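These protein sequences, in sequence, are chains A and B.
So for the first sequence, my numbering puts the first residue at 1; every next one is plus one.
So for the second sequence, my numbering puts the first residue at 1001; every next one is plus one.
No lab work stands behind these hints, which were simulated from the structure alone.
This structure is a prediction, so every number in the text was calculated from the model and none was measured.
Watch out, some of these pointers could steer you wrong.
[As the list claims (entries may be wrong)] Pairs of lysine to any residue, SDA-like flavour, derived with a Cα cap of 20 Å:
no., chain 1, residue 1, chain 2, residue 2
1, A, K18, A, E76
2, B, K1094, A, P161
3, A, K106, B, V1148
4, B, K1122, A, E140
5, A, K122, A, P75
[As the list claims (entries may be wrong)] Only part of the chain B face toward chain A is listed, based on derived beta-carbon distances under 7 Å:
no., residue
6, A1029
7, F1052
8, C1053
9, D1060
10, A1075
11, I1144
12, A1146
13, S1147
14, G1168
Cβ coordinates follow ideal geometry from the N, Cα and C atoms, glycine included.
Letter by letter, the chains look like this.
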Amino acid sequence: MIDAGIGKTHIIGIAELKVVRAPDKLSTLGLGSCVGLVLYDSVTKIGGMVHIMLPQAPPNGEGLNRAKYADTAIPELIRQLAAAGAQPRRLTAKLAGGAHMFSTAKHIDFLNVGDRNVEQCKRSLAAHAIPILAEDTGGENGRSIEFCCETGVLQVRTVSPRNTRLL
Amino acid sequence: MGRTDMYNIHQMSGPGLDFFRELENIGAAHAATALSMMLSRPITIRVPKAQFCDYGEICDILNGPESVVAGLLVAISEDIRGFILLVLSEEDAKTLSRSLIGDLAGSMSEAEREEFGTSALKEVANILIGSYITAISEMTGLKIDASVPELVFDMAGAVMNLLAVAYGDFGDRVLFMETEFSDRENSLMGHFFLIPDMESCKILLEKFAVI
């Protein structure tokens, strides 16, 4: 490739996932109660990102979008990373999101998903023995994230207050 | 984007969507009248929409997921449950709060202006959403109660997450009811979203079959 070395940034939409390798970057914008999760193999520099919307897939969920639910998205992401050449035993995780944008919604069960998304991610990661290296979860702010497959750094941006963190 | 056909709400077609469009129209028209009176200038509404759309499309109408918006949320309860969400761009929200504070602004500190601006916006939401609900309630005969409005300034994607989550278990598309209201002078534009839960969608549609 002629443009080797100049990484492309792939934008992951809500309930989507993607696997890329260095020097490319992965980004997802405007996470509210959703969780942006990255799995990364630092040796092959292959990384995958998913924008998770809900904690658990319904029991009869055949044909559902696996990227949407924490409990199906994580195994799917591991599978796609392995298929791309990543070593599953080397994978590490970083995650951000799971906020409560409105306290009004916190009292309504079916909308109170921020915490449950984060908890389910942690359960599924533990089940696959994947360590969490860093997280920026909960709170009341929206977040945008960008992951660099070259460095393994996850950048988390908020607009209220305006801030950028590196994880 | 994949679509699941296992839930029949997605098979709701022309007449069902027409009904929701009519609800949105009547509710928003009343809200626009209330806002006109508050601001002493005409506020018009655009043709209301009621359609199913993909998650990704929701944010496009608000200049993308990272643009900062003011989101005013009210929970509705009683005969139907769910939410009403009023979304304005950050700039429009500030213009609106300035025009509500009016001449008082000159004698205020920055902190006071912010505090008054916030409560003025919440009051607008109260009045707009109150008249919206009253209109829908009168049309359907259903009792609807509203909570105190909550205001957040944040990324459009994060604010609109609520819509996606509300319908997330029912497929990859959301029922999207929207009206824009605008003021010719300031080209103020707001988006009104009525977000009934699934059970309430059914109640409304059943009611519609009766009417």
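Hints versus structure:
About 10 Å separates the Cα atoms of K18(A) and E76(A), which keeps this hinted pair within 20 Å; it holds. The suggested pairing of K1094(B) with P161(A) holds, with an alpha-carbon distance near 17 Å, which does not exceed 20 Å. With a CA separation close to 14 Å, the supplied pair K106(A) and V1148(B) stays within the 20 Å bound. Taken as a hint, the K1122(B) and E140(A) pair is honoured in the structure, with Cα atoms around 18 Å apart against an allowance of 20 Å.
Of the pairs offered as hints, the one joining K122(A) and P75(A) holds, with about 13 Å between alpha carbons and a cut-off of 20 Å not exceeded. Annotation: A1029(B) was flagged as interfacial toward chain A, and the flag is violated, the nearest CB pair being 25 Å apart, outside 7 Å. Interface restraint check: F1052(B) against chain A, minimum CB-CB distance 15 Å, threshold 7 Å, status violated. Among the interface hints, the one on C1053(B) is violated; its C-beta lies about 12 Å from the nearest C-beta in chain A, farther than the 7 Å criterion.
A cut of 7 Å between beta carbons decides the hint on D1060(B): the least distance to chain A is about 11 Å, and the hint is violated. Look at A1075(B): its Cβ gets to within about 5 Å of chain A, closer than 7 Å, so that hint holds up. At its closest, the beta carbon of I1144(B) sits 15 Å from a beta carbon of chain A; the interface hint therefore is violated under the 7 Å criterion. A cut of 7 Å between beta carbons decides the hint on A1146(B): the least distance to chain A is about 10 Å, and the hint is violated.
Among the interface hints, the one on S1147(B) holds; its C-beta lies about 6 Å from the nearest C-beta in chain A, closer than the 7 Å criterion. This hint holds: G1168(B) has a C-beta 5 Å from the nearest C-beta of chain A, less than the 7 Å allowed.
Hint check: violations occur at hints 6, 7, 8, 9, 11 and 12; the rest are consistent with the structure.
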